[in-house]
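S.K.: One line per chain: the protein sequences are D and Z, in this order. Just so you know, we're using this note's numbering here: the first sequence kicks off at 1 and counts up by one. Just so you know, we're using this note's numbering here: the second sequence kicks off at 1 and counts up by one.
Bear in mind the hints are in silico, worked out from the structure with no lab data behind them. Bear in mind that the values here come from a model prediction, so they are computed numbers and not experimental data. Backbone N, C-alpha and C fix where the C-beta goes; we use that ideal spot for every residue, glycine too. Just so you know, not all the hints are guaranteed correct.
Just the calculated beta-carbon pair ranges, DEER-fashion [unchecked claim]:
(1) D:Thr34 x Z:Ile46: 18 to 28 Å
(2) Z:Phe150 x D:Thr34: 18 to 28 Å
(3) Z:Leu100 x D:Ile197: 27 to 37 Å
(4) D:Thr73 x Z:Phe63: 34 to 44 Å
(5) D:Glu172 x Z:Arg75: 47 to 57 Å
(6) Z:Phe150 x D:His250: 18 to 28 Å
(7) Z:Gly53 x D:Thr253: 34 to 44 Å
(8) D:Pro162 x Z:Gly53: 25 to 35 Å
(9) D:Gln164 x Z:Val169: 45 to 55 Å
(10) D:Thr252 x Z:Ser60: 32 to 42 Å
(11) Z:Thr191 x D:Asn198: 52 to 62 Å
(12) D:Asn214 x Z:Leu100: 27 to 37 Å
(13) Z:Leu100 x D:Asp173: 14 to 24 Å
(14) Z:Ala152 x D:His250: 26 to 36 Å
When the alpha-carbon atoms are kept at most 25 Å apart in a straight line, the in silico SDA-like pairs for lysine to any residue are as follows [said to hold, decoys possible]:
(15) D:Lys74 x D:His250
(16) Z:Lys54 x D:Ile166
(17) Z:Lys35 x Z:Asp159
(18) Z:Lys54 x Z:Pro144
(19) Z:Lys54 x D:Pro44
(20) D:Lys74 x D:Ile217
(21) Z:Lys54 x D:Thr108
(22) D:Lys74 x D:Asp246
(23) Z:Lys54 x D:Thr43
(24) Z:Lys54 x D:Thr34
(25) Z:Lys54 x D:Thr165
(26) Z:Lys54 x D:Ser167
(27) D:Lys84 x D:Ser258
(28) Z:Lys54 x D:Pro41
(29) Z:Lys54 x D:Gly168
(30) Z:Lys54 x D:Pro39
(31) Z:Lys54 x D:Pro35
Computed list of chain D residues with no C-beta within reach of chain Z, every gap over 10 Å [unchecked claim]:
(32) Gly56
(33) Pro59
(34) Thr110
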Amino acid sequence: MFDPVSRLRGFGLSSPLALAALASLGLGCQDLNTPIYFPSPVTPALAVSGAADAMGNPPRAENGLTLQFRNPTKDEQTELDTQKNTLGFDVPWIQRDHVHLEMTYQVTNTGSTPGMWSIGVDGANEYTKYDENIVAMVLGQGNNDAPQYIPLIPVTPQILGPGQTISGTVREDDFNEAELDLYGIGQWMSPFNAVLINNSQVNPIGIMSFVPPNAVIPALIEIDVNFTADTMMTCNYAIRVRDDDDQLLHNTTDTLFSPTPTLFVPPATM
Amino acid sequence: MAALATSWLLAGASVARAQVTAEPASAVVFPDPNKFAHGLYTEGEIGAVAFFGKAGGVVSPGFAIGAHVGYDIFRWLALQAHFLGSTHQIAEGNVLAGQLLQTYQGTVEGKLTLRFGQTSIFGEGGVGLARLSTNALYALMVEPRYRVGFTAGGGAGADYHSLSRHFSVGIRGDYLLLTNLSGSQELMATTYLRYTF
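Bound conformation, chain D alone (with noise of 0.2 Å):
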């Protein structure tokens, strides 16, 4: 017959200790694969009218935030200049492999007619900055076509109702192609439409004989924002950052580290 106690005097003391042990297991990881957010600089972060400019395109709104990271000790610097030195190439501090990013996004309709909406995540790292709205203009000289915006991360545009909100996520694995991408563009030269309309997982188009594969991609320092959308909405998002080395800056006796991007500008004739 079975007798759950004499099941329990069995265990011994096994039972609460396992729970207490996993407690404390809990407790002890805490600081393991913790994220830190960044909300967007002002709420609503993004806010169109959804009146068309003069040139009948839909009204865009861009902003975005600098992460604030830390220059590396001594030794980290000579462990860089090591790698740099073995490579042949120069290696970043800020590394896709060290930092992760992920953004969170909320799109409201605050006006009366249902309307289409998109977001593009452009960004910078320590060498290069990219603005779809630069490189948009840059294409459309010459001609009066409308603006071709080729974003970094694009979100599949979407239709909301009045009044309705949808929430959504651009996820790491999307920051790391753009980060590849980006350094591909700035740093080796690739065909920046072609890496940017392929994901090089599928189509290595621009990356593969161009980045070489024992590169240290760097991680996006600046996220831009861009947000359109042909009626009245608003759009707010928070930035995600795993930090893995400790990188980000927010102990005082640390100083800034403030490289200074280029800023990407497409040959005209493309």
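With chain D fixed as given, assemble chain Z onto it according to the hints.
M.R.: Okay, now just chain Z, sitting in the frame of chain D:
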């Protein structure tokens, strides 16, 4: 006739009373709480934590796991340390919807117990520290900048002894104030397994 019947009943009752008082004084008490172990004890618990107030609007209730380590000074009074971790999802309706958040809490508590044989009820309360795993609530402007703050509160519960001397099980609910979350409180409800050494 009625008076005769009444006198018969009364006579019968007095005989019965005499029989009860004649029973041996050393009757076995079962269960005997004095045979339950007391002193150092541990408890492992699982349950749920829900936030109220300002944080309640943006943090969904979550799963909790924790432990108590305590000592029965008397059978009715104990001191205990309580550790509890819980995991939550940021609720819909804001830009961080769906993100995860953990809380870690440690408190020192006093506990008063009132026993009824195999069952007891208790009240407990204490103070301690609470920590949030991320700054998500700061990003949502729900909390001040600091993720660590004081917590204080109390609750009550019921315990059922298994009659195996060392083991008992029970449920408890506690309501705590959190200083690191502006105008926010939490309710934790757990079920536990206790081992008294």
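S.K.: Falls inside 32 to 42 Å, the C-beta gap from D:Thr252 to Z:Ser60?
M.R.: Once the Cβ atoms are compared, 35 Å apart, the range 32 to 42 Å for Z:Ser60 and D:Thr252 holds.
S.K.: Would you mind confirming whether the straight-line C-alpha gap from Z:Lys54 to D:Pro41 stays at or under 25 Å?
M.R.: holds, 22 Å
S.K.: Starting from Z:Lys54, check that the Cα of D:Thr43 is at most 25 Å away, please.
M.R.: Holds - the C-alpha atoms of D:Thr43 and Z:Lys54 are around 19 Å apart, at most 25 Å.
S.K.: Taking the CB of Z:Phe150 and the CB of D:Thr34, does the distance hold inside 18 to 28 Å?
M.R.: holds, 21 Å
S.K.: Regarding Z:Leu100 and D:Asp173, is the given constraint of 14 to 24 Å on their beta-carbon distance met?
M.R.: For Z:Leu100 and D:Asp173 the Cβ distance comes to about 18 Å; the hint holds.
S.K.: Within 25 Å, alpha carbon to alpha carbon, are D:Lys74 and D:Asp246?
M.R.: Holds. D:Lys74 to D:Asp246 sits at ~15 Å (cutoff 25 Å).
S.K.: Is it true that the C-beta distance of D:Thr73 to Z:Phe63 lies inside 34 to 44 Å, as the hint says?
M.R.: holds, 39 Å
S.K.: Straight-line Cα separation of Z:Lys54 and D:Pro35 no greater than 25 Å?
M.R.: The hint holds at about 22 Å.
S.K.: Need the status of pair Z:Lys54, D:Ser167: alpha-carbon distance at most 25 Å?
M.R.: holds, 21 Å
S.K.: Does the Cβ-Cβ separation between Z:Ala152 and D:His250 fall within 26 to 36 Å?
M.R.: holds, 29 Å
S.K.: D:Thr110: least C-beta distance to chain Z exceeds 10 Å?
M.R.: holds, 15 Å
S.K.: Please work out if D:Lys74 and D:His250 have their alpha carbons no farther apart than 25 Å.
M.R.: holds, 18 Å
Consistency with the previously given hints is maintained throughout, with no hint failing.
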